[in-house]
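Modelling step: build the complete structure from the supplied sequences, incorporating the hints.
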Amino acid sequence: MSYDADELGWFGDFGGRFMPEALVAALDELTEAWRDAMADPGFVADFEAILREYAGLPSPLYEAQRLSEKVGVRILLKREDLNHTGAHKIRNVLGQALLTRRMGKHRVIAETGAGQHGVASATAAAYFGLDCTVYMGAVDTRRQALNVARMNLLGATVVPVESGSATLKDAINEAMRDWVASVDHTAYLFGTAAGPHPFPSMVRDFTRGIGDEARQQVLDRFGRLPDAVAACVGGGSNAIGLFTAFLDDEAVAIHGYEPGGEGVDTPRHAATIHAGDRGVLHGARTYVLQDEDGQTIESHSISAGLDYPGVGPQHAHLAATGRATYEPVTDTEAMDAMALLSRTEGIIPAIESAHAVAGALRLAEGLRETKGPDATILVNLSGRGDKDMGTAMEWFGLGETAAPQAAPEEDAR
Amino acid sequence: MSVRAAFDRCREEGRAALVGYLPAGFPDVDGGVEALRTMVEAGVDVVEVGLPYSDPVMDGPTIQAAAQQALEGGVRTRDVLRTVEAVASLGVPTLVMTYWNPVERYGVERFAADLASAGGAGLITPDLTPDSAADWIAAADAHDLDKVFLVAPSSTEARIAMTTAACRGFVYATAVMGVTGARTTTSDLAGPLVARTRAATDLPVGVGLGVSDGAQAAEVAAYADGVIVGSAFVRTLLDAGSDRRAGLAALGDLTRDLAAGVRRG
Numbered sequence: 002m003s004y005d006a007d008e009l010g011w012f013g014d015f016g017g018r019f020m021p022e023a024l025v026a027a028l029d030e031l032t033e034a035w036r037d038a039m040a041d042p043g044f045v046a047d048f049e050a051i052l053r054e055y056a057g058l059p060s061p062l063y064e065a066q067r068l069s070e071k072v073g074v075r076i077l078l079k080r081e082d083l084n085h086t087g088a089h090k091i092r093n094v095l096g097q098a099l100l101t102r103r104m105g106k107h108r109v110i111a112e113t114g115a116g117q118h119g120v121a122s123a124t125a126a127a128y129f130g131l132d133c134t135v136y137m138g139a140v141d142t143r144r145q146a147l148n149v150a151r152m153n154l155l156g157a158t159v160v161p162v163e164s165g166s167a168t169l170k171d172a173i174n175e176a177m178r179d180w181v182a183s184v185d186h187t188a189y190l191f192g193t194a195a196g197p198h199p200f201p202s203m204v205r206d207f208t209r210g211i212g213d214e215a216r217q218q219v220l221d222r223f224g225r226l227p228d229a230v231a232a233c234v235g236g237g238s239n240a241i242g243l244f245t246a247f248l249d250d251e252a253v254a255i256h257g258y259e260p261g262g263e264g265v266d267t268p269r270h271a272a273t274i275h276a277g278d279r280g281v282l283h284g285a286r287t288y289v290l291q292d293e294d295g296q297t298i299e300s301h302s303i304s305a306g307l308d309y310p311g312v313g314p315q316h317a318h319l320a321a322t323g324r325a326t327y328e329p330v331t332d333t334e335a336m337d338a339m340a341l342l343s344r345t346e347g348i349i350p351a352i353e354s355a356h357a358v359a360g361a362l363r364l365a366e367g368l369r370e371t372k373g374p375d376a377t378i379l380v381n382l383s384g385r386g387d388k389d390m391g392t393a394m395e396w397f398g399l400g401e402t403a404a405p406q407a408a409p410e411e412d413a414r
Numbered sequence: 006m007s008v009r010a011a012f013d014r015c016r017e018e019g020r021a022a023l024v025g026y027l028p029a030g031f032p033d034v035d036g037g038v039e040a041l042r043t044m045v046e047a048g049v050d051v052v053e054v055g056l057p058y059s060d061p062v063m064d065g066p067t068i069q070a071a072a073q074q075a076l077e078g079g080v081r082t083r084d085v086l087r088t089v090e091a092v093a094s095l096g097v098p099t100l101v102m103t104y105w106n107p108v109e110r111y112g113v114e115r116f117a118a119d120l121a122s123a124g125g126a127g128l129i130t131p132d133l134t135p136d137s138a139a140d141w142i143a144a145a146d147a148h149d150l151d152k153v154f155l156v157a158p159s160s161t162e163a164r165i166a167m168t169t170a171a172c173r174g175f176v177y178a179t180a181v182m183g184v185t186g187a188r189t190t191t192s193d194l195a196g197p198l199v200a201r202t203r204a205a206t207d208l209p210v211g212v213g214l215g216v217s218d219g220a221q222a223a224e225v226a227a228y229a230d231g232v233i234v235g236s237a238f239v240r241t242l243l244d245a246g247s248d249r250r251a252g253l254a255a256l257g258d259l260t261r262d263l264a265a266g267v268r269r270g
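Top line first, the protein sequences correspond to chains A and B.
Here the working numbering is used: the first residue of the first sequence is 2, the next is one more, and so on.
Here the working numbering is used: the first residue of the second sequence is 6, the next is one more, and so on.
Hints in this document: simulated from the structure, not taken from any laboratory.
Given the structure is predicted, the values throughout are model-derived calculations rather than measurements.
Zero decoy hints are in this set.
These stretches of chain A come out as covered by chain B in the derived footprint (C-beta under 8 angstroms, 3 or more residues):
| # | stretch |
| --- | --- |
| 1 | 7-21 |
| 2 | 163-170 |
| 3 | 292-299 |
Every residue gets a Cβ at the ideal spot worked out from N, C-alpha and C, and that includes glycine.
Encoded structure:
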C-alpha cells in the first residue's frame, strides 16, 4: 500500500490544492523546482552538508535509562532538541531556503505561532542572505516577546496580525495575502507539513531525516526495530518526519499524539483528527475543527506549537487507512510528562514534545504487559523547553526559591 | 437564471455590466438585503452575495472587517441563501461568492439545490479552481447554475483555456496580483489578461481590481464586459457606521456614479 501522494498531491481523499488561481503558477513552479532539486545529487549533498556542519545533525539517539526503568520498557529519544535553534524545524527551513536560493528568489515570508518557525526561518534567511518577513498573530507577539526579539536580532521583520483571532491561522492567512502580491520574487516558507500541494510532501522530504536517521541508529545500537514510534502532531511536520521511515515496517506501530487541551469533551482542545471533521483549510482537504457551517473553530493547547485547527493531509490519510493511530494528550498529561522527563533524565522538553513523551508513557503500560522489558518505544523529542519556561513557571508555580513545594513528579501519572 | 443574459443585454446597450458585491449579514441580514436593494435600484446589473468565512485569504482589510462583523453578528449559511432569495426576487441575477469549505460542509449537492431553489444564478469560487472542482461542476450542471472561476495575470495560456472551458455565466479576471481592496490606480495587467482570456472564450469577461469610482469604472469598461466592485461598496457602509440611512444614501450615490462610468467606457 502506498502512503504517499499522487502527482497532484492527493493522499487518498486528503490533500490536493484548494487555492486561488493567482497562486497556482507559483505552486506549480515550486513543485517542479522541488522535484528537480530532490533528483539532483548536488542539491541533496548541499542540504546534507548544511545540516551536518551548521545545524549539528544527525541528532543523537539517546536511551533514557532512568525513565525506561521507571516505566518498564525501553524508551529511546531522538534528540531533535539538540539541533541548532532547538528543534526539528531547522531541517525544514534550511531545505526550503536552499530551494529558494536555487529558484533565484531573494525574499522569504513565513507564518509563526509561538515564534519557533519564525525564528528558524529568520535563521535560515540570515544564513543564506535572504530578506525575511514573518507574520505572527498580534496576541502571540505579546505572549512571545522574546522570540520577536530573536527574529529582530536575526534581521527579520515581524508583522503583527490583528485580523480574525490574531493567532497562528490568521498569520497563515496574512502570509498568503502577502504571497499573492509578491510571488514573483518571494518564497513562502511554510512551517508545517500542511497547506496546498506541494507543501505537505516537500516539508516531509525535508524533515524525514528524523526517522531515516533514527531507524538506522536503532538498528545499529540494538539490531532491531522499535515496537512503536511516537510523536506529537500539531500541523505534523516532526511526526511525518519521524513516521515516514517506518511506514513500510508493518511490525512497527505508529502513534501520533494530538493536543487534547483541557479535554476533547470540552471546546478547548486542538485534537483535529480525533475530534474534527473532514474539510478544507489553508489549501488542503484534511481534518478541521469547524462548526456546523464550516467556519473554523479556534483551537486551544497549552503548547503554542500545536495550537492549530487543521492537520497535515498525510496524517489524515494515515489515520483513515489505520496505518497510524492518533490520540489526544491533555495539557495536564503533557505538563506532567514535561516535569517527569526533566527530573528523571535532566532533559527539559518543549511542551509539544512532552505530548509525545506522555503518549509513550501510556503506550509503555500496554507494551510492558504484552512484550516485557525489551519492548522499545522511539519518541521524537522534537524540541527543547527553554522557550516554555514562562508557561512552566505559571503551571507549576516555579521560581519561588524560598517556598517549599510538592514535586510535580509526584502526580506525574 | 444565468447571469449571461444580463451581460448580453448590457452588450446590446453598448456598455459594460456593473457587478456589485456585498457580504451577506453585513451590517446584519436585513440591513444587507436593504443595501443590495439600494444598489440594484441605483444601477447594479449583477449581484454577488459574499458568504462570510473565518479565513478569507483572498480578501483585504475592508472585506475582512465586514465579514468578521457579519460572523460576529451570527450570520449563517442559511442567511446567505435567504439574502440571495430576497435579492433575486428583485429580478437581478444573483451569484454567491464563497470560499470553498462552507459549501463542502453544507453538502455540495445540497447547496446547489438550495441555491437554485432560492433563485440564485450560481457561484463564484475564489479558492476553487476547475481542476479541484469535480463535485461542484457536477452539481452546478445538474441544477443549471453558473460556474464562475477566476483567471489571474499569472495564469498560463493552458490554464486560461482550461478555466474558461469550465466557466458558465462569465469569467472573473482578477487583474491585480493581490488581495481585494480599493486602489487609486488601475492595473496595467488587466488589459492584457482580458485580451488573453478573450482569445480563449466567447464568455463575457468581468474585471475585479479595486475600482472605487465612476472614472475608474469607465476606464475598465473600455476593455472589459463587466466591472466588478466590492470593497468600495463595503467601505461606504463601514464609513457610515451606525447611521444606516446615510449609509444607504451614500451607497446609492456611489452606485449611480459607477453605473454612469460603465456607460462612458
